[in-house]
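Each chain is listed here by its residues.
Number of protein chains: 2
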Amino acid sequence: MKFSSRIEECYQSPIRKFHPYMVKAQAKGRKVLHLNIGQPDVDTPPAFFEELRRFGESVLAYGPSPGMDSYLEAVRDYYRGLGVDIECDDILATFGGSEALQLAFSCILEEGDEVLVPEPFYPNYNTFIRVAGARIRPISTTPEEGYRYATREKIEPLINEHTRAILATDPGNPTGVVLTAQERRLLVDIAKEHDLFLISDEVYRELVYRGEELSTILSFTDAPDHLVVIDSVSKRFSATGARVGALISRNRELIGHALKICQGRLCAATLDQVGAAAMYRAMTPEYYNLVRQEYRYRRDAVLAALEKIPGVRYERPEGAFYMMVTLPVEDADKLQYFLLEEFEDHGETVMYAPGEGFYATPGKGRNEIRIAYVTNPAELTRAVELLGLGIAAYKAQGGK
Amino acid sequence: MKFSSRIEECYQSPIRKFHPYMVKAQAKGRKVLHLNIGQPDVDTPPAFFEELRRFGESVLAYGPSPGMDSYLEAVRDYYRGLGVDIECDDILATFGGSEALQLAFSCILEEGDEVLVPEPFYPNYNTFIRVAGARIRPISTTPEEGYRYATREKIEPLINEHTRAILATDPGNPTGVVLTAQERRLLVDIAKEHDLFLISDEVYRELVYRGEELSTILSFTDAPDHLVVIDSVSKRFSATGARVGALISRNRELIGHALKICQGRLCAATLDQVGAAAMYRAMTPEYYNLVRQEYRYRRDAVLAALEKIPGVRYERPEGAFYMMVTLPVEDADKLQYFLLEEFEDHGETVMYAPGEGFYATPGKGRNEIRIAYVTNPAELTRAVELLGLGIAAYKAQGGK
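Line order of the protein sequences matches chains A and B.
Going from the first sequence to our numbering is simple: count from 1 and add 6.
Going from the second sequence to our numbering is simple: count from 1 and add 6.
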């Protein structure tokens, strides 16, 4: 049978190929520690489960296609708490940030279009953009520049007649880069001048570590038609299995187009919206401070452990819970196979996400990895230690 | 800002235009009865809510991208109960039947492709197929033929080099048509002979009223690569707000392609899968019999009330909870405006879904409506009575 060229050009998760090797390592009795997984072990706010236990309807009915009022109002009020004035009509409830991205791309992108995305980037962007018939045109960054990308010099030469949008992840996955106010202003200016959408994926908003105020691209009110925010409760409330997000824009034409698809799929999950609304209502600055502090500990544990590994290079990440690390090896894939097949220390080994999957430019990122610092500090410290021991063992037996 | 041509060609729900008129009628103190809404008032099985109350995890985590084992096994065992041998690897958990459709179309359809769909059809098919860049080529039916479509004469002349799939809804929304075993066999044969996918949307499977055995296109084992089933718990368990469905096919290449998108959007909603698995485990033939009996009462209440309206034409629907009715007026849209703006009987009026939105062929269905018989028999009887009184009043004041 023939399949669409769009889907043929997508790929399954690049980490999947290591899965059988992990299973074999575990079968040999080895414990595999994970630096590759974005699933936090932080508790979901109890408000979520409490609200669901209170749910008293006997029929679990469709919600409205744009979202349930209680959820939309909770999102609106959360943004008003950030000093940003938006209306419920600027918001669509979605199945996580993922569906918000799919909606935006379906509305904006045509076969042959291009989206500017700083690389390294979240690999699922590639899937969604390819399925919409378009392509990522990467904004190149380097580890040496700390993966920063928001300059006219880097972006403007890439804009052509096919360019439809700039997609920023702020705070950044996988880099941990947090844009400055000046950088955000510049992206908005470029979007306005070149008539592009600026899609800002802000699902890690609260996870910033320099003491700055929380921010959103929506605080710029001079480009209402150009700015689109992707949001989700997944990371904010450590509730990744609650697939509730939001597509937010003051561009009512965009919201109207996206609503056609929302009506097509009828509604987002009712119970997840009910629980999400309760979490927004229950949230306090103290909650976010505690979560932020917890991830900062974890980041610092990883940084302290990385310092002891000779030859690795990295920048201190400023946000989210990821960081890129350049290893003193040529090919992080080969090292990963070695770690799973040959290496062990006290019966333990480690997995990470090899860097190549985060790049569109062929060959880039081969000596880089992404670390997710989402488990407890002791486990993270040990996992990074295993990485160091593994690199040493790999080199000792001639690995490059 | 420019939007994609695909989304420009989609439309918002055609029933939306009546919403402000309904609000005005209600503001005048009128009660509006609904024949237009597909939200059943049958209780969701308590097993769903009980299982969620038992959910003991403190972190609501990502599930696996293909679906949670407990849910996939429940779906597999449900199909085995129908005498159909499928594996968990043939199933992907989706956000309702809607996402299963979106996945199938994204994998199969290319810009310019065509899908054969008997009309009248579920209008959201048009949205999903247009967003995938393709078009519906309608298989024409008539009220006189009871909207039946599964013949070589109707289908084969429509097949050309752009045809990629036949999409059947069985039991049918909006027609209530249930395919016979011979008709299903013929569709499978046509799919095989012309190398097309046969996508069978079977979300109303249990709602059949002629005493037949439950069936699925998957019982044909001679075309494993061609057959795709769309399924959902929404209607089966009266749980429309639980957005859990399934894409099912023995074509592992199709499942592999769809899994790329599933990995992109990470996972279906965890709690809805947990609750859905519990409903499947708790379900008994008695439950389905009770639900089927209840909808049969409702159908029969509507049929009895329709008999009293002069000039209406319809077939007795065999399945699902919808039927098409041809009215003795030229334009069901105009009648709907009249019913909301001018008509009332004892302070009550009625809404339906005008037929035109269920057709791709321009002008067809203008004197038809779709009735959903999902509320209690007394209310349905009164709603149809109001329709009859409204038609008489409309004609009395010169309406055509």
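Check before you lean on any hint, since a few could be wrong.
Taking lysine to any residue pairs in the SDA-like style, the calculated list, with each CA pair at most 25 Å apart, reads [claimed, not checked]:
id, chain 1, residue 1, chain 2, residue 2
1, A, Lys370, A, Glu151
2, B, Lys37, A, Val65
3, B, Lys23, A, Asp75
4, A, Lys23, A, Thr381
5, B, Lys8, A, Thr381
6, B, Lys23, A, Lys23
7, B, Lys23, A, His200
8, A, Lys401, A, Ala366
9, B, Lys198, B, Gly217
10, B, Lys8, A, His200
11, B, Lys8, A, Ser76
12, B, Lys30, A, Lys23
13, B, Lys30, A, Phe344
14, A, Lys8, B, Lys8
15, A, Lys8, B, Glu117
16, B, Lys30, A, Ser225
17, B, Lys34, A, Asn257
18, B, Lys23, B, Lys314
19, B, Lys8, A, Lys23
20, A, Lys8, B, Glu120
21, B, Lys30, A, Lys406
22, B, Lys30, A, Thr381
23, B, Lys37, A, Ala384
24, B, Lys314, B, Asn295
25, B, Lys8, A, Ser225
Hints were generated in silico from the structure; no laboratory data involved.
Computed from a predicted structure; not experimentally measured.
A quick look at each hint next to the structure:
1. Using a Cα cut-off of 25 Å, the hinted pair A:Lys370 and A:Glu151 holds, with the two alpha carbons roughly 15 Å apart.
2. For the hint pairing B:Lys37 with A:Val65, the CA-to-CA distance comes to about 22 Å; that is within 25 Å, so the pair holds.
3. Our distance criterion of 25 Å between C-alpha atoms is met by B:Lys23 and A:Asp75, whose separation comes to about 20 Å.
4. Note on A:Lys23 and A:Thr381: the hinted pairing holds, with a Cα-Cα distance of about 23 Å set against a maximum of 25 Å.
5. In summary, the hint linking B:Lys8 to A:Thr381 is not supported, as the alpha carbons are separated by about 43 Å, beyond the 25 Å threshold.
6. Of the pairs offered as hints, the one joining B:Lys23 and A:Lys23 is violated, with about 51 Å between alpha carbons and a cut-off of 25 Å exceeded.
7. A threshold of 25 Å between alpha carbons decides the hint, and for B:Lys23 with A:His200 the separation of about 36 Å lies outside it, so the pair is violated.
8. In summary, the hint linking A:Lys401 to A:Ala366 is not supported, as the alpha carbons are separated by about 28 Å, beyond the 25 Å threshold.
9. For the suggested pair B:Lys198 and B:Gly217, the alpha carbons sit about 30 Å apart, so the restraint of at most 25 Å is broken.
10. Note on B:Lys8 and A:His200: the hinted pairing holds, with a Cα-Cα distance of about 12 Å set against a maximum of 25 Å.
11. With a CA separation close to 32 Å, the supplied pair B:Lys8 and A:Ser76 exceeds the 25 Å bound.
12. Proposed proximity of B:Lys30 and A:Lys23 is contradicted: the alpha carbons are some 59 Å apart, above 25 Å.
13. In summary, the hint linking B:Lys30 to A:Phe344 is not supported, as the alpha carbons are separated by about 71 Å, beyond the 25 Å threshold.
14. Straight-line distance between C-alpha atoms of A:Lys8 and B:Lys8 comes to about 32 Å, which puts the hinted pair past the 25 Å bound.
15. With a CA separation close to 14 Å, the supplied pair A:Lys8 and B:Glu117 stays within the 25 Å bound.
16. Distance check on the hinted pair: B:Lys30 and A:Ser225 sit about 37 Å apart at the alpha-carbon level, beyond 25 Å; violated.
17. Distance check on the hinted pair: B:Lys34 and A:Asn257 sit about 34 Å apart at the alpha-carbon level, beyond 25 Å; violated.
18. For the hint linking B:Lys23 to B:Lys314, the alpha-carbon distance of about 29 Å lies beyond 25 Å, and the restraint is violated.
19. Using a Cα cut-off of 25 Å, the hinted pair B:Lys8 and A:Lys23 is violated, with the two alpha carbons roughly 40 Å apart.
20. Proximity of A:Lys8 to B:Glu120 is assessed by CA-CA distance (about 14 Å); at most 25 Å being required, the pair is judged to hold.
21. Under the criterion of a C-alpha separation no larger than 25 Å, the hint pairing B:Lys30 with A:Lys406 is inconsistent with the structure, at around 75 Å.
22. Under the criterion of a C-alpha separation no larger than 25 Å, the hint pairing B:Lys30 with A:Thr381 is inconsistent with the structure, at around 55 Å.
23. Between B:Lys37 and A:Ala384 the alpha-carbon distance is near 64 Å, which puts this suggested pair outside the 25 Å criterion.
24. Simply put, B:Lys314 and B:Asn295 have alpha-carbon atoms about 29 Å apart, too far for the 25 Å limit, and the pair is violated.
25. Among the hinted pairs, B:Lys8 with A:Ser225 is consistent with the structure: their alpha-carbon atoms are about 23 Å apart, no more than 25 Å.
Of the hints listed earlier, those the structure fails to meet are numbers 5, 6, 7, 8, 9, 11, 12, 13, 14, 16, 17, 18, 19, 21, 22, 23, 24, in rising order.
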